[in-house]
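Please arrange chains B and C on chain A, whose structure you already have, making use of the hints.
Protein chains in written order, with the numbering used here: chain A, 1 to 274; chain B, 1 to 143; chain C, 1 to 696.
Honestly, the hints are just simulated from the structure, not real lab data. Being a predicted model, the structure only gives us computed values, none of them experimental. Watch out, some of these pointers could steer you wrong.
[What the hints assert, rightly or not] Computed spacing ranges between beta-carbons, pair by pair: (1) Lys-165/A <-> Gly-330/C: 13 to 21 Å; (2) Ala-105/C <-> Asp-136/A: 36 to 44 Å; (3) Ala-105/C <-> Val-257/A: 33 to 41 Å; (4) Val-257/A <-> Gly-602/C: 18 to 26 Å; (5) Ser-103/C <-> Leu-186/A: 29 to 37 Å; (6) Pro-407/C <-> Gly-143/A: 43 to 51 Å; (7) Gly-602/C <-> Leu-186/A: 41 to 49 Å; (8) Leu-186/A <-> Gly-330/C: 18 to 26 Å; (9) Pro-286/C <-> Phe-175/A: 51 to 59 Å; (10) Ser-605/C <-> Leu-178/A: 29 to 37 Å; (11) Leu-273/A <-> Lys-640/C: 25 to 33 Å; (12) Phe-247/A <-> Pro-286/C: 43 to 51 Å; (13) Ala-45/B <-> Ala-140/A: 28 to 36 Å.
Even for Gly, the Cβ is constructed at its ideal location relative to N, Cα and C.
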Amino acid sequence: MNTLLFAHREVREARRNRWLWLYALVFVALASALMWLGLSALGSYGVAGFGRTGASLINLILLIVPLMGLTLGALSIAGERERGTLLFLLAQPVSAAEVLIGKYLGLAFALIAALSAGFGISGLLIAWHGGVVQSDLYLALWGLTVLLVLLSLAVGFLISALARKGATAMGTALFVWLLLVFLSDLGVMGTALVLRLSVGQLFSLALLNPLQSFKLLAVLIVQGDLEILGPAGLYALRAFGDALVPFLLALLVGWTVSALALSVVIFRHRGALE
Amino acid sequence: MTRRAFLVALVAVSLSGCQASRERPPQIRYGRDRCAQCGMIISEARFAAAYLTREGTWRSFDDIGDMLAFSKAHREDVAVFWVHDYEGEAWLKADSAFFVKSSELHTPMGHGIVALGDRERAEQLARQVHGSVFTFTELLGQR
Amino acid sequence: MTLIRALGILLVSIALLAPLSRGSPTGEGPGMRALQALIASAPSGATLRVPQGVYTGPIVIDKPLTLISEGAVLDGQGQGTIVRVTAPDVMLKGFVLKNSGRSLAHEDSAILVEAPRAIIEENTLSDVLFGIYLKDAPGSVIRRNKIVGLDVSEAERGDAIRVWYSSDVLIQENETYNARDAIIWYSQNVSVWGNRFVGGRYGIHLMYAQEIRIEENALLKNFVGIYAMYSRGVTIAKNLSLGHRGPSGYGIGLKDSDSVSVAENVIADNSVGVFVDNSPSAPETPVVFRKNLFAYNETAVMMLPSVRGDLFTENSFIENFEHVGIAGGGQLVGNLWERNFWGDYLGYDADGDGLGDLPYKSERLVEDLLDRHPQMKLFLYSPAIQALEFAARALPIFQPQPKLIDPQPLMTPVLPTLEFARAASLRSGMPQAATGWLLFVGISLIIGFGWGVVRWLIPHPLLPSPSKGRGAGGEGEIVVRGLTKRFGHVIAVENLSFTVRAGEALALWGPNGAGKSTVLHCLLGLLRYDGAIALDGLDPHRQGKEVRRLLGFVPQQIQIPDDFTVGEALLFFARLKGVLREAVPPVIQRLGLDKFLHKRIGTLSGGMKQRVALAIALLGDPPILLLDEPTASLDTQTRKEFLQLLNELKSSGKTLIFSSHHHNEILAVADRVLVLEQGRLVQIEHIDGRGVSELL
Chain A
1 MNTLLFAHRE
11 VREARRNRWL
21 WLYALVFVAL
31 ASALMWLGLS
41 ALGSYGVAGF
51 GRTGASLINL
61 ILLIVPLMGL
71 TLGALSIAGE
81 RERGTLLFLL
91 AQPVSAAEVL
101 IGKYLGLAFA
111 LIAALSAGFG
121 ISGLLIAWHG
131 GVVQSDLYLA
141 LWGLTVLLVL
151 LSLAVGFLIS
161 ALARKGATAM
171 GTALFVWLLL
181 VFLSDLGVMG
191 TALVLRLSVG
201 QLFSLALLNP
211 LQSFKLLAVL
221 IVQGDLEILG
231 PAGLYALRAF
241 GDALVPFLLA
251 LLVGWTVSAL
261 ALSVVIFRHR
271 GALE
Chain B
1 MTRRAFLVAL
11 VAVSLSGCQA
21 SRERPPQIRY
31 GRDRCAQCGM
41 IISEARFAAA
51 YLTREGTWRS
61 FDDIGDMLAF
71 SKAHREDVAV
81 FWVHDYEGEA
91 WLKADSAFFV
101 KSSELHTPMG
111 HGIVALGDRE
121 RAEQLARQVH
131 GSVFTFTELL
141 GQR
Chain C
1 MTLIRALGIL
11 LVSIALLAPL
21 SRGSPTGEGP
31 GMRALQALIA
41 SAPSGATLRV
51 PQGVYTGPIV
61 IDKPLTLISE
71 GAVLDGQGQG
81 TIVRVTAPDV
91 MLKGFVLKNS
101 GRSLAHEDSA
111 ILVEAPRAII
121 EENTLSDVLF
131 GIYLKDAPGS
141 VIRRNKIVGL
151 DVSEAERGDA
161 IRVWYSSDVL
171 IQENETYNAR
181 DAIIWYSQNV
191 SVWGNRFVGG
201 RYGIHLMYAQ
211 EIRIEENALL
221 KNFVGIYAMY
231 SRGVTIAKNL
241 SLGHRGPSGY
251 GIGLKDSDSV
261 SVAENVIADN
271 SVGVFVDNSP
281 SAPETPVVFR
291 KNLFAYNETA
301 VMMLPSVRGD
311 LFTENSFIEN
321 FEHVGIAGGG
331 QLVGNLWERN
341 FWGDYLGYDA
351 DGDGLGDLPY
361 KSERLVEDLL
371 DRHPQMKLFL
381 YSPAIQALEF
391 AARALPIFQP
401 QPKLIDPQPL
411 MTPVLPTLEF
421 ARAASLRSGM
431 PQAATGWLLF
441 VGISLIIGFG
451 WGVVRWLIPH
461 PLLPSPSKGR
471 GAGGEGEIVV
481 RGLTKRFGHV
491 IAVENLSFTV
501 RAGEALALWG
511 PNGAGKSTVL
521 HCLLGLLRYD
531 GAIALDGLDP
541 HRQGKEVRRL
551 LGFVPQQIQI
561 PDDFTVGEAL
571 LFFARLKGVL
581 REAVPPVIQR
591 LGLDKFLHKR
601 IGTLSGGMKQ
611 RVALAIALLG
621 DPPILLLDEP
631 TASLDTQTRK
641 EFLQLLNELK
651 SSGKTLIFSS
661 HHHNEILAVA
671 DRVLVLEQGR
681 LVQIEHIDGR
691 GVSELL
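This is chain A alone, in the form it adopts within the complex (with noise of 0.2 Å):
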């Protein structure tokens, strides 16, 4: 009961964050306007199918979406210390956990919100202007999208509970954006050329980046299929067949899940003050 009256206050506080209002205008923005440029060409035979227009959107919620968690993630726990307001809170019959995850679920909420917000009125867009969008893959991306900033709203808590500073906190979650979206492919792909590895290798590698278990899987939704991929794409059909889907999603929750855990650890150990 506790917990969601934390995450009452949370999404209260929310609504007053600067922050999450620009991540949600530049979100709607950039979706919207990439619907519009996928859609406007070629419509007439029919072809500017969600394939293509899909393939962009995913890019753009790889760059995105995880940026907004892992930031307003990060400021949170670390943001009301600094300020002293967790202080008080704590000092409140409340348990940690209760705070932790109360404050977790509230902006989990204001960013599905404000996510929701961008996919409905790219859909919006798609429909007016007579667009073909089958809406169960829609639906299915809007879904995975939620995951995925779950996923790296978990993060960006995991970061707050360890941060002493707002400042030092911003700047870790800021790096992990780097590291999760550019760094670290960019990393495993130089590996994989130097050391040769072979293409079951390679995917193990890159699926440590839980965002690449959230572009697979989008790839599957958008695409239908993971061929597009190339080789290691076939491979990870190959290995994993039917058991492909249930063993990425398992993954992202088991991310998201073990951050939000290690979170409440540290936090309950380290409290207000430490």
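Chains B and C in isolation, oriented as in the chain A frame:
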């Protein structure tokens, strides 16, 4: 991530890519994998063939004739050639199989070559389709 | 006459025993005998109108006949070939054929034609392995049939249409679904026009064929749209090839084919638009791509590096992930790229002749990388790939050699016009209702978010107030033994022991950094410490939540988000402490906050804020109040009022522990004072006037 965790992950992934064995028959996903020679999707097991190079690379083919053509053109160091029994669809090593060649056999690439596990059935089929029986060495020599 | 007829029936029956011997059918129905007898009795060249009814196969047409169905269904009962035509000039029109055998080895078909000049027209074939099989049947026509393959795995399917050594054939306006191929073997001069091939393996497949015209067909979602292998003289024009995906998802594939013209096709949404392998295979047999539209393919044109002699002209390349790819990497040489439209061309046309003044160069580092190391496609769509591309553009050192140069690219695309394309396009459209719902949910979420509809969470009657939410009870006795707290190397509190009786007021006195706040935080269970603390027998370490239920905490300055009103804040903390709603108004009155309930916290004075803090601390009527420098930020007047409040609380039986460095404050409220210096207890004094004034 700590360096140790990274190393553990590396070891784990390298164990997963184990070495192909000479004795293990090839694995072809029908309707998905492509013929190394013609690029067509391999659909029918009874015509499909494959070989393993000494480097450990598999090459799959939709037609025994394509395997012969490919190995002749690329001159790879082949460890073992595999073909399918035309009737039972079991994998056979090519050097222990008997081959029937006839224009009445409609193989995917029109080479008209199929393989059988024993000479008796091979000769029987050859009579039916007005073809002749060869060993794998003879086939390699013909090309 | 009747005798001859009876004899004929007998003969046919005997003839039929042969095919039946291969796995017996479930009895030969009267219908079959009737049709076969009808055929047997009809004179050569006659026209038979086959009445409505189900006729079981197999049926052999062994003389030139025209068979027109009037609702006849030919059922193969899952055995062998249904209709076999062994005589020339047979026409079969309007039949429904279903359930052929399923043996690929025997090539079980719906209709097998083994003689010239058959016309197979307007039949509907379903659940058949092979559909229409022309075997040595030159001059035949396959027109307006609908063929639906078996619902089995890809490897077990047969060809919808197979043309085998049959030249001068016309395949027109048929529709096929879920079959293997429409395949043309060893034949010349075949026209494939206006058909629709959906969900097969290869929509149209040429093997060793010559002089083939493929025009105005729709090829949708097969593995490969059109695959020409070892063929010569192929014209592929005005076709629509869409949605071919997978490891060999080619819109059009050319393998060892010569003299091929591919013109005015729309090739879109394929993994590879056009795949070219060793075509042309001989000199002087050019392969020409003209006025095609390549759009939304992963790779529009994929060529093996060995390909020479292809001409691409007036094609439009739009929105492909990669316009031209080289399978396995390497360089393309010996092909011509002239006057194509390239969607990513950045040049200009100063002289207005419709041609760009700068050549188009296809050069992308990432494409090159992916061509060479296809396993890296795993990272496709990752922002890392874009970063790499961006870096490559910024630092030209990384630039690979251009894959191709189009010296005079078109400024505007030449889009082919396909009359049938609109109708044929994939309309797997979005159910509008679902979109509507999605939008509704999305937009209501924004509004709910912005306007605070989620407020329902707080005043909601369904949220029960916990029953034990009354005064926390308890005595309010505090025992501290050997309390030690270190922050890193700094010792904040060292070996502190004291006891506070219920109803007593204890002051913690000392300079800044003496450890006063730390003691309070340890009591609240907000810090880990060494030693033992018991509040009414409860341990803050292990029973933090229960301990805090006994405590009301007032910090030096209250920290609540500024936009909460006083009422909201009280309600929030009441819920947090599990206090009944009814318990809130007395606290409000007691602290005189009635008039401030709708004021925002941010607008309150310091004194009022501390009152609010005290009110929050008093919610749930805890026996102990902890106050950390509660008056530090107050002016003299408000401090006086606040101290009075504290005295009232003390006299109502609360245990008070407060830190302070104002001696008059301590004199006014405390019973005893703990003097701390650098975390150590220096002295405990009872307040009886004399001693303390010395001390302070």
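List, from low to high, the hint numbers that the structure doesn't satisfy. Hints 1, 3, 4, 5, 10 are the ones this structure does not satisfy, whereas the remaining hints hold.
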